[in-house]
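Got chain A; can you put chain B on it based on the hints?
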Amino acid sequence: MFAAFMMNTWIVATIVAPVAGVVGFFVVLRGSAFPAHAIPKGAFAGAAGASLLGISTLIGLAVFSLLGALGIGALGRRARQDVATALALVMMLALGAAFLSRTTEYEPQIYSLLFGEVLGVSTTELLPVAVLGVICVAAVMVLYRPLMLSSVVPEIGEAKGVRSHRIEMCFLVVVALATAMTVPVVGALLIFSLMIGPPAAARSITSRPWAAMLLSVAIALVTVWASIAASYLYNWPIGFFVGALGALSYGAGRAWAAGRARAVRPPAIQPLTQG
Amino acid sequence: MHQVWTWVFEPGLFASAPVRVAAVTGGVVAIVSAVTGVFTVMRGQSFGGHALGDVSAAGGSGALLAGLNPLVGFVGLGIAGAGVMDMIGVRRVRGRDLATGVVLGAAIGLSALFLYLEASSGATTGAPAQILFGSIFTVTSSTIPTVIALSAVALAAIAVAWRPLLLTTVSTDIAAARGTRVRLTGLLFMLALAVSVGLSSLAVGAILSTALLIGPAATALRLTRTVAWAVVAACLIGVGSTWLGILLAYDSYYWGASHQGLPVSFFIVAVIFAGYLLSGLLAARPAARRRPPVAPPAAAPASERVAA
Chain A
461 MFAAFMMNTW IVATIVAPVA GVVGFFVVLR GSAFPAHAIP KGAFAGAAGA
511 SLLGISTLIG LAVFSLLGAL GIGALGRRAR QDVATALALV MMLALGAAFL
561 SRTTEYEPQI YSLLFGEVLG VSTTELLPVA VLGVICVAAV MVLYRPLMLS
611 SVVPEIGEAK GVRSHRIEMC FLVVVALATA MTVPVVGALL IFSLMIGPPA
661 AARSITSRPW AAMLLSVAIA LVTVWASIAA SYLYNWPIGF FVGALGALSY
711 GAGRAWAAGR ARAVRPPAIQ PLTQG
Chain B
1049 MHQVWTWVFE PGLFASAPVR VAAVTGGVVA IVSAVTGVFT VMRGQSFGGH
1099 ALGDVSAAGG SGALLAGLNP LVGFVGLGIA GAGVMDMIGV RRVRGRDLAT
1149 GVVLGAAIGL SALFLYLEAS SGATTGAPAQ ILFGSIFTVT SSTIPTVIAL
1199 SAVALAAIAV AWRPLLLTTV STDIAAARGT RVRLTGLLFM LALAVSVGLS
1249 SLAVGAILST ALLIGPAATA LRLTRTVAWA VVAACLIGVG STWLGILLAY
1299 DSYYWGASHQ GLPVSFFIVA VIFAGYLLSG LLAARPAARR RPPVAPPAAA
1349 PASERVAA
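The listed protein sequences derive, respectively, from chains A and B.
Going by the working numbering, the first sequence runs without a break in its numbering and finishes at 735.
Going by the working numbering, the second sequence runs without a break in its numbering and finishes at 1356.
The following block holds chain A by itself, in its conformation from the complex (with noise of 0.2 Å):
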């Protein structure tokens, strides 16, 4: 299991699932997960539209998941976000049906981008992951207090000045530098298990957002680093652990949720963060 082959796959991992817990963390926090679906699933559109120029898959993704959220920005304005991130993503896996018609890309390719390949992982991919990474990660930490604003509390974040609409724009950039970097390791869909099923789980534990985060880094790592395991033992996919296992640890913090609110005292005050 800790084979040669296999080390870039356990680094990889060890940096993706961080970006995703501390991503994620904001992504339920702010009630985007329907973008946070939609930007990776999108971006894999731009990794058919590479193949076709001959490209690397990496400029597409990182193009297409910006286009998307800026996309699902603008539409955002003048309409309400589920619908404008909706078609957003229509529009983007059109784009990417009619790249594919002109490809001759292979089956197992598609499967591979749509559902990860950690085994496929170069070393010469490594930098590129952990640089946008550090970005990705930097980006939260500065944009901390007003995203922090805007997610709780926005008519207060309004009124010390945080322009919602920015913020909700760099968000949604970040999210799609997250996907960029995520998509040809763990898959364009299930990223988004890692982004929701870790923080969501950590929420239901704990309300205090440093500690949240930290544990949604946390359960992100256990889940990736158990999926690999699993996915290298059993030969199952690896989406497949990721996926079962971010439901899991969601329905185990509201099942400890649950169990606390039982408990004597009532659960701590907690209706602004948990809205």
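By construction, these hints were calculated from the structure, which means they are not laboratory data.
Given the structure is predicted, the values throughout are model-derived calculations rather than measurements.
Where a beta carbon is used, it is the ideal one built from N, C-alpha and C, also for glycine.
Any given hint could be a false lead.
What follows is a set of in silico ranges between Cβ atoms, one per label pair, in the way DEER data are often shown [said to hold, decoys possible]: (1) I1196/B / V591/A: 46 to 56 Å; (2) A718/A / A1224/B: 17 to 27 Å; (3) A534/A / R1211/B: 48 to 58 Å; (4) S516/A / W1303/B: 46 to 56 Å; (5) A1207/B / A590/A: 49 to 59 Å; (6) L693/A / G1115/B: 25 to 35 Å; (7) G1115/B / A686/A: 26 to 36 Å; (8) L1329/B / I595/A: 29 to 39 Å.
For the chain A half of the interface with chain B, some residues (derived, Cβ under 8 Å), not all of them [as the list claims (entries may be wrong)]: (9) F494; (10) I519; (11) V523; (12) L530; (13) A534; (14) G536; (15) R540; (16) D542; (17) V543; (18) L649; (19) L650; (20) A660; (21) P669; (22) W670; (23) A712; (24) A715.
Not close to chain B: a few residues of chain A, all C-beta gaps over 10 Å, as computed [claimed, not checked]: (25) F465; (26) M467; (27) I515; (28) A557; (29) L560; (30) L587; (31) I595; (32) R626; (33) V633; (34) G647; (35) Y692.
Frame of chain A; chain B shown alone:
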């Protein structure tokens, strides 16, 4: 005149059996999606509508693996998914977002597993792309009656629950005060949505399922002032875009010298998307002067308007 005719409708269009089947199935799916879509958009459940498509696609690949009729898998797992989403909290907007996300994540994991098992048993090729994109031209005429029958069930559910549905959509508080069973209505709507989305992702694929559900409804809600008119307009827009898309896809085979058509889902989505953008331009001016539409797409029920 004849030349124009054959330029627009390339030879063989109306004689082609796949085109006819696609036009009928696409039309039926477009109408059901448009009706459910108007409520989906007003209730802010676009994410749920999209997620149910992926959930039912997972059911489809599971059914394929188990040797069942795909329709059972699509609609069955879709309904189960809708039930779980409702159970873990689709009532509040923020909780709904999360509940949908968790169910979707689990379903995607299942898809990954099923597709992997199918690929390793050598049963299918092209399954991932098929599930992701789908193609309206692969529908067989034998599935049409089933699609129509189940569509009728979904439409009937919405027609029966029309008033409570409208009330709970506009304001859960008022609805509850008037004795409407908010929870039950929500569940009923989710089930109708699951059936409608399951059918459409089976018949026309995941992309078109979401596109036909959200696009025409969002466009119609921008252009009309009452829900009833929005439903009518959404149906017309949906059917019109579908047929125009099929026509363009058929004609695209004759564009250029390479004789390589583009996928029909691309054209339908492009038409719907263009229509939505256009409606923004059309609606922007008059709406500013006149009063705002009765059912503004942004009307989240007051009690649910959590720090969004």
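Status of the hints after comparison with the structure:
A hinted range of 46 to 56 Å holds for the C-beta pair I1196/B and V591/A, which are about 54 Å apart. The hinted window of 17 to 27 Å between A718/A and A1224/B holds, with their beta carbons roughly 24 Å apart. Against the hinted window of 48 to 58 Å, the Cβ-Cβ separation of A534/A and R1211/B comes to about 37 Å, which falls outside the hint. Restraint check, S516/A to W1303/B: a C-beta distance of roughly 30 Å breaks the suggested window 46 to 56 Å.
Checked against the given bound of 49 to 59 Å, the beta carbons of A1207/B and A590/A, roughly 56 Å apart, stay inside it. L693/A and G1115/B have their C-beta atoms about 28 Å apart, which keeps the hinted 25 to 35 Å range intact. The hinted range of 26 to 36 Å is satisfied by G1115/B and A686/A, whose Cβ atoms lie roughly 32 Å apart. With their beta carbons about 37 Å apart, L1329/B and I595/A fall inside the hinted range of 29 to 39 Å.
The beta carbon of F494/A comes within 4 Å of a beta carbon in chain B, closer than 8 Å, and the hint placing it at the interface holds. Interface restraint check for I519/A: the shortest CB-CB distance to chain B comes to about 21 Å, outside 8 Å, so the restraint is violated. Because the closest C-beta pair between V523/A and chain B is about 19 Å apart, greater than 8 Å, the hint is violated. Annotation: L530/A was flagged as interfacial toward chain B, and the flag is violated, the nearest CB pair being 15 Å apart, outside 8 Å.
Checking A534/A against chain B: minimum C-beta separation of about 11 Å lies over 8 Å; hint violated. Interface hint at G536/A: violated, since its Cβ lies 11 Å from the closest Cβ of chain B, which is beyond the 8 Å cut-off. Interface restraint check for R540/A: the shortest CB-CB distance to chain B comes to about 5 Å, inside 8 Å, so the restraint holds. With 8 Å as the threshold, the beta carbon of D542/A comes within range of chain B, its nearest partner Cβ sitting at about 4 Å, so the hint holds.
For V543/A, the interface hint holds, the least distance from its beta-carbon to any beta-carbon of chain B being 5 Å, beneath 8 Å. Because the smallest distance between the Cβ of L649/A and any Cβ of chain B comes to about 4 Å, under 8 Å, the interface hint for this residue holds. Taking 8 Å as the C-beta contact cut-off toward chain B, the hint placing L650/A at the interface holds, the least distance being around 6 Å. Of the supplied interface hints, the one on A660/A holds, with its beta-carbon coming within about 6 Å of a beta-carbon of chain B, less than 8 Å.
With its C-beta approaching chain B no nearer than about 15 Å, P669/A sits outside the 8 Å limit, and its interface hint is violated. The beta carbon of W670/A comes no nearer than 20 Å to any beta carbon in chain B, farther than 8 Å, and the hint placing it at the interface is violated. For the restraint placing A712/A at the interface with chain B, the shortest Cβ-Cβ distance is roughly 12 Å, beyond the 8 Å limit, so the hint is violated. Interface hint status for A715/A: violated, as the beta-carbon distance to the closest one in chain B is roughly 12 Å, over 8 Å.
The beta carbon of F465/A is kept farther than 10 Å from every beta carbon of chain B, the shortest such distance being approximately 20 Å. No Cβ of chain B comes within 10 Å of the Cβ of M467/A; the nearest lies about 24 Å off, and the non-interface call holds. Residue placement check: I515/A keeps its beta carbon more than 10 Å from all beta carbons of chain B (closest about 21 Å). Taking the minimum C-beta to C-beta distance to chain B, about 4 Å, the non-interface status of A557/A is violated against the 10 Å cut.
Against the 10 Å criterion, L560/A falls within the reach of chain B, whose nearest CB is about 6 Å from its own CB. Distance check for L587/A against chain B: the nearest CB is about 28 Å away, which clears 10 Å, and the non-interface claim stands. For I595/A, the requirement that its beta carbon stay farther than 10 Å from each beta carbon of chain B is met, with the minimum near 25 Å. Remark: the non-interface label on R626/A is consistent with the geometry, its nearest Cβ contact in chain B lying 16 Å away (cut-off 10 Å).
Under the 10 Å C-beta cut-off, the non-interface status given to V633/A relative to chain B holds; the minimum distance is some 20 Å. Look at G647/A: its CB is around 8 Å from the nearest CB on chain B, not clear of 10 Å, so calling it non-interface is violated. The non-interface label for Y692/A is consistent with chain B: the shortest C-beta to C-beta separation is roughly 14 Å, beyond 10 Å.
The structure fails hints 3, 4, 10, 11, 12, 13, 14, 21, 22, 23, 24, 28, 29, 34 (numbered hints given earlier, in ascending order).
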